[in-house]
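**Q** Numbering (our numbering), first residue to last: 1 to 318.
Any given hint might turn out to be false.
[Claimed, not checked] The calculated lysine-lysine pairs, modelled on DSS-like cross-linking and capped at a C-alpha distance of 25 Å, are:
1) Lys292 / Lys166
2) Lys210 / Lys267
3) Lys82 / Lys118
4) Lys164 / Lys292
5) Lys118 / Lys267
6) Lys164 / Lys143
7) Lys87 / Lys267
[Unchecked claim] What follows is a list of derived Cβ distance ranges for each label pair:
8) Arg155 / Gln62: 44 to 54 Å
9) Thr130 / Arg77: 34 to 44 Å
10) Asp193 / Met132: 42 to 52 Å
11) Lys292 / Asp193: 38 to 48 Å
Hint data in this document are derived by calculation from the structure and do not stem from the laboratory. A virtual CB, placed ideally from N, CA and C, is assigned to each residue, including glycine.
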Amino acid sequence: MSSFRQTVGTLTGLLLASSIPLLHAQVPAGNQINQAVPAGANQVANQAAATPQLPFPALTPQQQQEIDQHLLQWQARSQGTKTLETKYVRWHFDQQKAAAGVPAHRAEGQIKYSSPDKGLFRDDSIVFYTGMKEQKPQFAGDKNRPGDYWVCNGREVVQYDRGKQKCTVLTLPAEMQGTQIFNSPLPFVFNLDAAQIKQRFWVRSLPSPKPNTILIEAWPRKQNDRAQYKLVQVALNPNYDIEALIIYAPNFNVRTAQNYDQYEFSKPKRNSITAGLRQNWLGNFIPQQPPKGWEVVRENFAGPPQVAGQPPAQQPIR
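Sequences and hints are given; from them, build the entire structure.
**A** Below, the structure is given as C-alpha cells:
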C-alpha cells in the first residue's frame, strides 16, 4: 500500500477523513491509541471484496437515513474548507515486515491543502521496526528511507525522493486537474460530494466505541478502487472534522494478512488567517523548482493500477 501512486491516490482524502481502529494494534510505548472492536468488525473485514456485491447486510430505512444525514453534514463542512493544515502520525502494519500487531514503521508528518487543487503530504520523521528486545519492539531511523513526500500544484503531482535526491513529476490529465484531482481514487475529499460517495462506495455508519465520534465504513464498488484497498474506516468528530483514518490493504485478513495503514490527526487549522494570505502561504509548501542538483524525471500520471479478475487473497475466519 505504500507505492507512490497508491499514496497519491489514497491520501488525497485524508484531510477530511478519520477513523477508529478495528484491531488491537500494539504501537510503541507512549503512543497507545484508544482502540475498541465494534461487534462483528473482524468478520466484516474478511468478507469478499473482489466481486461487486453489497459486503454487509442491507440497511434498514432508518439506517439509510442516518448515513445520508452524516454524508450531507460532512459535505457541508468539507465544501466550506478553503485551506487546511494538520499534523499526523501514521502506523504502517505489515506482517511480512513485523510481528502481528507491531507496526513495520511509524511516521510523523504534516498535510496542507488549499482549494481547489493544491496540497502537500510529507513525513517529517520515520522509524522502522528492527526486531524484539526483552519482549518489546525496537525501532530505529534509516537515512536511506526518509519517508514519503509529495505535493500537488494543480497540474502536476511531484514526488520528492529525499534518499535518492530525485523528483518524479507526474503530469495530470485534463480531467484530473482543478477540482477533480481529489476525486481519484478515494473521494473522501476536500470538496466532498455525498452523491459521488454513494455512487462509488457502499457506505454505512457503525456504533462508535468512542463517545461523540461518528464512525463510518466504506467499501469500494469499482474494481480499480478495490485494487487499492479493501475498505476504509472513517471517524468524524461532532463538527465533522478529522480525527483518524484506517486504510485496509486489498489482501487484508485479520488472521493471515494484517496489512493496513492507520492515521491519527492533530492540531488542525481550517481557514486560518495566515493561510488566507494565499500567495505567501502557498509558497511555503509548493516549491517552484526541484532542489538544485536533484535528478528530475517526468511522466504522465497513469492513474490507479487495474487488477481485473485478480481477487484479494483471503481466508475466512472460523
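**Q** Within 34 to 44 Å or not, the Cβ separation of Thr130 and Arg77?
**A** holds, 41 Å
**Q** Given the hint of 38 to 48 Å, is the C-beta distance from Lys292 to Asp193 inside that range or not?
**A** holds, 41 Å
**Q** Measuring from beta carbon to beta carbon, are Asp193 and Met132 in 42 to 52 Å?
**A** Distance hint for Asp193, Met132 holds at roughly 46 Å.
**Q** Does Lys118 pair with Lys267 here, judged by a C-alpha cut-off of 25 Å?
**A** Holds, at roughly 20 Å.
**Q** Hinted pair, alpha-carbon criterion (25 Å max): Lys292, Lys166. Please report holds or violated.
**A** Holds, at about 10 Å.
**Q** For Lys164 and Lys292, compute the direct alpha-carbon distance and say whether it is at most 25 Å.
**A** OK: Lys164 and Lys292 at ~13 Å, within 25 Å.
**Q** For the pair we were handed, Lys164 and Lys143, check the Cα-Cα distance against 25 Å.
**A** holds, 10 Å
**Q** Tell me if the straight-line CA distance from Lys82 to Lys118 falls inside 25 Å.
**A** holds, 11 Å
**Q** Given the hinted pair Lys210 and Lys267, is their Cα-Cα distance within 25 Å?
**A** holds, 19 Å
**Q** Against the range 44 to 54 Å, how does the distance between the Cβ atoms of Arg155 and Gln62 compare: consistent or not?
**A** Since Arg155 and Gln62 have Cβ atoms about 45 Å apart, the given range 44 to 54 Å holds.
**Q** For the pair we were handed, Lys87 and Lys267, check the Cα-Cα distance against 25 Å.
**A** holds, 6 Å
The structure meets every hint from the earlier list without exception.
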